[in-house]
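With these hints in hand, go ahead and build the complete structure from the sequences.
There are 2 protein chains.
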Amino acid sequence: MAAGGRIHSPELARKVVPADAAAALIAPGSTVGMSGFTGAGYPKQVPLALAKRISEANAGGARFRINVWTGASTAPELDGALAAADGIELRLPYQSDPVSRQKINDGLMEYIDVHLSHVAQMVWQGFLGHLDVALVEVSGITADGALIPSSSVGNNKTWIDQADTVILEVNSWQSADLDGMHDIYYGTALPPDRRPIQLTRPADRIGEKYLRCPPEKVVAVVETDAPDRNTGFTEPDEASTRIAGHLIEFLEHEVSRGRLPANLLPLQSGVGNVANAVLAGLGNSSFEDLTAYTEVIQDGMLGLLRSGTLSVASATAFSLGPAAVNEFNDNAGDYRDRIVLRPQEISNHPELIRRLGVLAMNGAIEADIYGNVNSTHLMGSRIQNGIGGSGDFARNAFISFFVTPSTAKGGAISGIVPMVSHVDHTEHDVHVIVTEQGLADLRGLAPRRRAALIIERCAHPDYRPMLEDYVDRALSGAYGKQTPHLLTEALGWHVRYMETGSMLP
Amino acid sequence: MAAGGRIHSPELARKVVPADAAAALIAPGSTVGMSGFTGAGYPKQVPLALAKRISEANAGGARFRINVWTGASTAPELDGALAAADGIELRLPYQSDPVSRQKINDGLMEYIDVHLSHVAQMVWQGFLGHLDVALVEVSGITADGALIPSSSVGNNKTWIDQADTVILEVNSWQSADLDGMHDIYYGTALPPDRRPIQLTRPADRIGEKYLRCPPEKVVAVVETDAPDRNTGFTEPDEASTRIAGHLIEFLEHEVSRGRLPANLLPLQSGVGNVANAVLAGLGNSSFEDLTAYTEVIQDGMLGLLRSGTLSVASATAFSLGPAAVNEFNDNAGDYRDRIVLRPQEISNHPELIRRLGVLAMNGAIEADIYGNVNSTHLMGSRIQNGIGGSGDFARNAFISFFVTPSTAKGGAISGIVPMVSHVDHTEHDVHVIVTEQGLADLRGLAPRRRAALIIERCAHPDYRPMLEDYVDRALSGAYGKQTPHLLTEALGWHVRYMETGSMLP
Chain A
1 MAAGGRIHSP ELARKVVPAD AAAALIAPGS TVGMSGFTGA GYPKQVPLAL AKRISEANAG
61 GARFRINVWT GASTAPELDG ALAAADGIEL RLPYQSDPVS RQKINDGLME YIDVHLSHVA
121 QMVWQGFLGH LDVALVEVSG ITADGALIPS SSVGNNKTWI DQADTVILEV NSWQSADLDG
181 MHDIYYGTAL PPDRRPIQLT RPADRIGEKY LRCPPEKVVA VVETDAPDRN TGFTEPDEAS
241 TRIAGHLIEF LEHEVSRGRL PANLLPLQSG VGNVANAVLA GLGNSSFEDL TAYTEVIQDG
301 MLGLLRSGTL SVASATAFSL GPAAVNEFND NAGDYRDRIV LRPQEISNHP ELIRRLGVLA
361 MNGAIEADIY GNVNSTHLMG SRIQNGIGGS GDFARNAFIS FFVTPSTAKG GAISGIVPMV
421 SHVDHTEHDV HVIVTEQGLA DLRGLAPRRR AALIIERCAH PDYRPMLEDY VDRALSGAYG
481 KQTPHLLTEA LGWHVRYMET GSMLP
Chain B
1 MAAGGRIHSP ELARKVVPAD AAAALIAPGS TVGMSGFTGA GYPKQVPLAL AKRISEANAG
61 GARFRINVWT GASTAPELDG ALAAADGIEL RLPYQSDPVS RQKINDGLME YIDVHLSHVA
121 QMVWQGFLGH LDVALVEVSG ITADGALIPS SSVGNNKTWI DQADTVILEV NSWQSADLDG
181 MHDIYYGTAL PPDRRPIQLT RPADRIGEKY LRCPPEKVVA VVETDAPDRN TGFTEPDEAS
241 TRIAGHLIEF LEHEVSRGRL PANLLPLQSG VGNVANAVLA GLGNSSFEDL TAYTEVIQDG
301 MLGLLRSGTL SVASATAFSL GPAAVNEFND NAGDYRDRIV LRPQEISNHP ELIRRLGVLA
361 MNGAIEADIY GNVNSTHLMG SRIQNGIGGS GDFARNAFIS FFVTPSTAKG GAISGIVPMV
421 SHVDHTEHDV HVIVTEQGLA DLRGLAPRRR AALIIERCAH PDYRPMLEDY VDRALSGAYG
481 KQTPHLLTEA LGWHVRYMET GSMLP
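Here the protein sequences come in this chain order: A and B. Under the working numbering, the first residue of the first sequence is numbered 1, with each subsequent residue one higher. Under the working numbering, the first residue of the second sequence is numbered 1, with each subsequent residue one higher.
No lab work stands behind these hints: they were computed from the structure. The C-beta atom is built at its ideal place from N, Cα and C for all residues, glycine as well. Any given hint could be a false lead.
To be verified - One-sided and incomplete, this derived list gives chain B residues near chain A with beta-carbon spacing under 7 Å:
1. N105
2. Y111
3. I112
4. R194
5. G380
6. I387
7. D424
8. A446
9. L487
10. H494
11. M498
Structure, rendered in structure tokens:
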């Protein structure tokens, strides 16, 4: 037994090698499916060893690059190191690493921005090409070779099923009490053989505790004892607190109108400080017995579980700051019955999100006056992170909220613009927009009414008159009055920012 | 018994009145849920009588308007007549009537463009307000008062369930053999009470043959004998035929690669001449034993059913030209076992489209070089029809195709532009674009590769050099190289068209 007593299978224990020996098994040009989702459960040592190997090869004049598929974002030791080594040809489905982001926006790395629920299906469909290696962190291996997943599940089931070979990192830093927290659903299939997914409550368990993996596929096992590299959340600032306040007031109003149950419907919350503030706000509200059917469990959600405001949370990964991760690891056994970690194709599945009636709360880079939302691109061209699961949730939610401060860069950028420079969520799919200024409930409103409400409720006062002026002139000058736009200046605010550093004249 | 022997319930037969008496039961300011989907199964007489009443009232200085909710588009006797009378305050979720379209784009009518699968849910959710009257065409009434649906189902179940009062038109022109063709699912609910929809094949029947309606809710029954006003399709032109050819070649290729079964997966096809040409092309191909899980059964699909190429078709409505409708009415009994008409919340349900792995083929007004699609707005402002079910299908399809001729207006408009002027389907959801020039399979391609392929395969030669020039300059001048755009000219082609009548310089 090795790795802090985590490898109980003698057959797999015999495959333990150092990280560089494992990295040597990944050939140039390979496609590697790696674990990792929002900085949780990614392999810690083999990517670093691989980056070193790639750097040396590239320095010698070779061209050593691989394609990297993951669950979502990872950490500097994976995305950062491999990108810095110019080792990534193609990256999907999500990233948030600064080095990686720069390489992508410099045109040096290809990046495909994919709905997180679609990734597994795409790989099974076959058009993405062959998956050579699965490189997956686990928290342990049972005596009969089953894999105890780590702090994220992501696409690990699909990577292991589809890859020719499997490299495991067994991380003894992860809590041993993760054992039993996962629910790995093996009922997916390609059409025409798909069947209904029989899940009707966030707490339902429909799968197995462990990942199946034929031992003969495993070519290397690496022992690690390294923490997840989760970023801390900042204390809610005033804008985030006000956004949370507007949102909670709206939810209370919907309950009072009989349009939501008193304990709401399952919550989904994107990652980030604003989302965290909303969760903190729920903790201070009168809501009780809430549930979550979401992508990641972040600090705020763990806090709601701890206080009992949240009875259960289903997700595919943790995304905890340093303090929260310690608290979780110290008490993982207590959380186990109230947390279910699933493959991301299930945590983000359209069928389940629609059925459960999820209340989806996601961040926006910008929204426009007609309710279109940009979640991914700065000034229409520069990728920030990616769409992640926001489309999976917003498109199928009972109510889809998008939250953003009304300004960014000290007021130089307006979060509400005449026309977004990139559309990730269309006017058809955006129900409610919230800024610190207020909340606009767009449901059941035709476009011109949406514009009036968004400007009145959500725009910053510095930009409100400019937006009103745009709408007034568009109404008389546009090609049609359903969605009045002046195409000569619809993107003019972005142009002005790029030219002058501010959207203000 | 009356209406060609179609009213078998004595209680409801006693409620037969002339159309103007029924129209008198609809008060100013009412919200009326009407039957009708793509010119099939809409009420024929009461809307005309109501339009007359509204015209007279408005001429007398009153303001008589109603809100009109339907399944989708209807016909001149409904949308046209009521819009011409300035009788519609708010219209949803889809329209295609020229008079109605003009009123909307003149800013005289409000229009909310909604995913067709979302309408019923929205009404149950409650934020759209109260539904006063359901005005529904049926093809007959059974002895115990159950309603035999007509040539479309649409949202009729929801209208009847939700409205205070129900007005029925019993249309004896509709084939009596429609009886038994429908499958009305009564298993929907609001969350948290939703359950899996246990449908796994297009032919599955999971509901009831008839619409339930408490007889006491029925305030009037009107007898009609009037044809559906379906528009004829034109014979496929060369562009449509070539689009169909590219698409079928692609499907054959996917089968040969083992990525689709030999009998494909359930087909969905939008309405229109291009879609009809694709269906005609399938009829001339070697494909056999196909199925359809779609929104409407149009001429081409009926032809495939007749020839046996298509074994079964599930939809919510017919959309047949004059010749095809006669053929159908003469042989409806023969078709009955192979056609299932469902509520549109089921025909278009994300859960089912994803599970079945539908191959979704929909028309586009324009697509851009990065794969975003505009289905609704001319020059970003002027609504054409609406998004209809294209989003329901594209977002959840196994493969989502968008088809469009590479030019319109005799070459003055390019179907492929630098940036679409309105986004209905984002780059994340568009898999394949087809014009008569060729087909671009965008799956698994990062944005710059998509641009190169779309320009090479799909753009018209007159516009190709302009697009290549844009991409070249954007690559050096854009704010980032993930999705290079020049925002000063991204919408410049549309501006040029509005100013000069052509996108060509």
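Now for the hints, and whether the structure bears them out:
1. Taking 7 Å as the C-beta cut-off, the interface hint given for B:N105 holds, the closest approach to chain A being about 4 Å.
2. For the restraint placing B:Y111 at the interface with chain A, the shortest Cβ-Cβ distance is roughly 6 Å, inside the 7 Å limit, so the hint holds.
3. Taking 7 Å as the C-beta contact cut-off toward chain A, the hint placing B:I112 at the interface holds, the least distance being around 5 Å.
4. Using the Cβ-Cβ criterion of 7 Å, the hint placing B:R194 at the interface with chain A is satisfied: the shortest such distance is roughly 5 Å.
5. The beta carbon of B:G380 comes within 5 Å of a beta carbon in chain A, closer than 7 Å, and the hint placing it at the interface holds.
6. Proximity of B:I387 to chain A holds as hinted, the smallest CB-CB distance being about 6 Å (cut-off 7 Å).
7. The beta carbon of B:D424 is positioned within 7 Å of a beta carbon in chain A (closest approach about 6 Å), and the interface hint is therefore held.
8. Nearest Cβ of chain A to the Cβ of B:A446: about 4 Å, under the 7 Å cut. The hint holds.
9. With its C-beta approaching chain A no nearer than about 4 Å, B:L487 sits inside the 7 Å limit, and its interface hint holds.
10. Contact between B:H494 and chain A, as hinted, is supported at the beta carbon level, the nearest pair being about 5 Å apart and thus within 7 Å.
11. Checking B:M498 against chain A by beta carbon gives a least distance of about 6 Å; that is within 7 Å, so the hint holds.
The structure is consistent with each of the numbered hints, conforming to all of them.
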